[in-house]
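K.L.:
Residue-level listing of the chains:
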Amino acid sequence: MFEVDFFDSKIIEGTTTSIILDNGNIKEVSVNYTKGAGIRALSGGSWGMTSADGDFDLNKAIRAATELARGMNERSSKEKVEMMDIVKPVVRNLPKVKIDPRDISLEEKVSQLNEIGKRAKLDNISSVSAVYNESTYKMMYSDSTGIEGEYDITRTGFAISAVASKNGMYQAGRESRFGVTGYELFEKYDAFALAESAAKTALELLEAKPAKGGNMPVILDPELAGVFAHEAVGHASEADLVLEGSSILENRIGQEIASPLINVIDDPTLHEYGYYPFDDEGAQSEETVVIKDGVLNSYLHSRETAAKLGGRPGHSRAQGHSRPIVRMSNTYIDSGKSKFEEMLEEIGDGVYLIGSRGGQVNTGEGVFQFNAEKGYLIENGELKTLLRDVSLSGKILEILNNVKMVGNDLSMNSGRCGKGGQLVPVTDGSPHLLVSEAMVGGA
Amino acid sequence: MDMYELARKGLKAATDRGADEAEIFIMEDHKTSVDIRKDEIEGAKENISQGLGIRAIVNGAVGFASTNIISRIEDAAKSAVSSARVRDSDPDWKSLPSNGEYPRVSGIRDPELEQMELDDCISCTVKMLEGAKSIRGIVVTSGSFSRGFGKRMVMNTNGVEIEERSTGISGFTDVITTGGSASTAYDFAISRTNDIDFLNIGKNAADLADSSKNGVSIEPQKTNVILHPFAFSDLIGNAFMPSIDADNVQKGRSNLIGRIGESIATEKVSIIDDGLLEGGIETGQADDEGVPSQRTTVIENGVFQSYLYDSYTAGKDGVKSTGNASRGSYFSTPSVGPRNFIVDHTGTDIIAKTDTGILVNSVIGAHTANSISGDFSVEARNAFMIKDGKIDKPIKSLMISGNIFDMLTKMNGAGKDVRKVGGIVTPSVSIEGMNVVG
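Chains as they are written, first to last, in numbering that gives the first Met the number 0: chain A, 0 to 442; chain B, 0 to 437.
Misleading hints may appear alongside valid ones.
[What the hints assert, rightly or not] Derived lysine-lysine pairs resembling DSSO-like cross-links, with alpha carbons at most 30 Å apart: (1) B:409 to A:208; (2) A:165 to B:150; (3) B:386 to B:415; (4) B:395 to A:211; (5) A:394 to B:37; (6) B:352 to B:415; (7) B:126 to A:418; (8) A:418 to B:150; (9) A:77 to B:126; (10) A:418 to B:212; (11) A:307 to B:352; (12) B:352 to A:418.
[Unchecked claim] Example chain B residues on the side facing chain A (calculated, C-beta under 8 Å, incomplete): (13) 36; (14) 43; (15) 67; (16) 69; (17) 70; (18) 74; (19) 141; (20) 145; (21) 219; (22) 222; (23) 250; (24) 251; (25) 330; (26) 364; (27) 366; (28) 378.
[Unchecked claim] A few chain A positions that, by computed beta-carbon distances, are all more than 10 Å from chain B: (29) 1; (30) 97; (31) 176; (32) 264; (33) 336; (34) 384; (35) 410.
Hints are computed from structural coordinates only; laboratory data are not their basis. Predicted, not measured: the structure shown is a model, and the values here were computed from it. Note that CB positions come from ideal geometry on N, CA and C, so glycine has one too.
With these hints in hand, go ahead and build the complete structure from the sequences.
P.N.:
Right, dumping it as structure tokens:
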């Protein structure tokens, strides 16, 4: 009925509720009902894609996508794209929701967030903001090869930011927790204690000293090392970037690219924020070992990149009904054997970098830059002066090779990752890492 | 159902359930885009997006709901009212905007773009590829073309009723050099009318990547830095703009609290926020809550003049909204956002005037800037040494750090190359004594 080589559709329907607390007041309570479809069609080597909002006619949208694909293929014909055949996904091990957030009244959620705000309002904290988010949606997938599947998923989370000010200086502290759980998230995490901890970080940073830049040995805390795993290693292992020539990991499978202490894993089956039972192309989710004992083991694949490079699909994701692209899920550097105290002893003098205020990476050139939330000067194996506005930059492969110790204290952090203008929920993690030489930047 | 009828139905549903005031924002967008991946046109997309957001006010508390399922407009109105009811009355809430006189604007709707066929979209995309391939050893890693048209409508119970139509077109090319030294570069352009030179986008990106090959290392130093519009707009957007947002000011999150009338920049620079700029990316008769657009002087000859307000923050300060309510989408409530943000400084041939210094084309990591203090530490991309008034060797890797407010006082020149980087309109600027680490 549709004369193309392949087509598929993803339909999502759900409700999102968010509550925003700003400067101690509830700034926004909002509810969104959404429904939409993303449809792709493939003709030869050309993709056509349509998306539609609300009450749409699915057949009409598929027809529009097939016309685009065929039109493109006629006008600029190119190498045929193959989609790897897959088996029908099995939805297993879905996270169980203990407390459906929709069963909790808006009043209760608002008062919970208000209390979180109050806990962060310590002396000298000039403003506090916090946000609560819940989404419940149904995902339905089907394609022209007969693959189909559907699941329902619930995500909840909260984030707190506290700003301290003194003598014209401002510093912020942040904490957040997100998961594939219901309202029991607040049983798992002590949001009030986290609010106090965000405030204390901001206050501490008022007294911190600016860092001096230069090359030096560093210890990365699990949060910053997790950001490194995600931003620097994870993105470079996305096969679409490899194929377009934007990754320094191109043609490196089987090569030793990191210290043998390094194992990097992307695992969408973990019940963390980046969880999914099958990806947005219907491929079963499975653990992928990206780096095994320092050797590049696998890229992350979609059905298209897996067919082209060889590999296993299962890492294709889309925000809502956008076009699916190769993405990470739950990405982490696996635990090693070292204790934090041993790292301090080993490093002697250096800098301990903690937390992350975001970062960016150029996967093509293999360079990155991340700003830490804070840091400590390490002198004679002891944590000394607290540092603010401190950053880490350098070459991805150099850092990977310079890792001398991997901690035994893996911990995970959740958030959202942007690529191609789309945000998807992800988790990243790592234990502490000792890096023998890295570029530390100051303000 | 027609849009006006739908909006009235939504407003009625909200007031019937007890809302004192209500507002409907409706958005509809048609977009066609063509993507490039590794030197080839990968595919085309057609997106039709539409949706509506409802604000309902009950006893001075604002609730919000949104949907893209038109048949659920009454559910959304109901949710907006119930979310208002769980909030305390906000003593700072005045009211939704009232009907105003709307100025005329021009250059934001081009019928050519509304009627553009897939063939034309493809040939614009092909031009970007051809431009890039005119330089040897260049691979276009990714790129995109897009054109769109749409409408926005705001209707509220205070008599505001405005509908605007506009169009847009844009092109983006990201390239990498092949062979020994891999260097990357990008270029893009965005416009309201069909006037983009797509060949040039590809060529500029390719030229820049090609001339960035075989970079050298440099010693850490304090030097004159010339920032291309891409680099400067990125820094000003992330490190300066948050401080003039009245919402941040009122919450103690700005470096410019109580500093109106103070000299905060060199007297040669002025900054204007202009919702009326002809053909501007952020131009429109009204902002996203129906307040008439205007031209607001932010900095005049170095002196700080005004914050930017939406109607809520204006009500709180007892001033008039500057027409800066902005919504990312129908599912977002309005917040303060810049319109066309124009950096005005007399232009000269700044590179020729620079004995020694560094040219930075773009930066990565500007979003990590401290949005309150204005401190930043970013990685410079496509940086070059400047020697005796000429662009010299490319620099391999470079971090620049500083403070945006400090930079405004140390600006010692600007180029003639004014560029619209989205809503930010700026020339290249020259800053003396910036810290760089190679």
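K.L.:
Each hint: holds or not?
P.N.:
Structure-based check of each hint:
1. B:409 to A:208: The given pair, whose Cα atoms are some 24 Å apart, holds under the 30 Å limit.
2. A:165 to B:150: violated (46 Å)
3. B:386 to B:415: Holds, at about 20 Å.
4. B:395 to A:211: holds (21 Å)
5. A:394 to B:37: holds (24 Å)
6. B:352 to B:415: holds (13 Å)
7. B:126 to A:418: Distance of about 25 Å is within 30 Å: holds.
8. A:418 to B:150: holds (27 Å)
9. A:77 to B:126: This hinted pair holds, its Cα atoms lying about 17 Å apart.
10. A:418 to B:212: Since the Cα atoms of residue 418 of chain A and residue 212 of chain B sit roughly 26 Å apart, the hinted pair holds (cutoff 30 Å).
11. A:307 to B:352: Not OK: residue 307 of chain A and residue 352 of chain B at ~52 Å, beyond 30 Å, violated.
12. B:352 to A:418: The given pair, whose Cα atoms are some 40 Å apart, is violated under the 30 Å limit.
13. 36: This hint holds: residue 36 of chain B lies near chain A, its Cβ roughly 5 Å from the closest one there, short of 8 Å.
14. 43: It holds, given that the least Cβ distance between residue 43 of chain B and chain A is near 5 Å, below 8 Å.
15. 67: Nearest chain A Cβ about 4 Å off; hint holds.
16. 69: Holds. Min distance 6 Å.
17. 70: Holds, about 6 Å.
18. 74: holds (7 Å)
19. 141: holds (6 Å)
20. 145: With a minimum Cβ separation of about 11 Å from chain A (threshold 8 Å), the hint on residue 145 of chain B is violated.
21. 219: This interface hint holds because 7 Å falls under the 8 Å limit.
22. 222: With a minimum Cβ separation of about 15 Å from chain A (threshold 8 Å), the hint on residue 222 of chain B is violated.
23. 250: Where the cut-off is 8 Å and the nearest Cβ of chain A is about 4 Å from residue 250 of chain B, the hint holds.
24. 251: holds (4 Å)
25. 330: holds (5 Å)
26. 364: holds (5 Å)
27. 366: holds (6 Å)
28. 378: holds (4 Å)
29. 1: holds (16 Å)
30. 97: holds (24 Å)
31. 176: Fine: 22 Å to the nearest Cβ keeps residue 176 of chain A off the interface.
32. 264: holds (26 Å)
33. 336: holds (33 Å)
34. 384: holds (18 Å)
35. 410: Nearest chain B Cβ is 22 Å from residue 410 of chain A, so the label holds.
Of the numbered hints listed earlier, those contradicted by the structure are 2, 11, 12, 20, 22.
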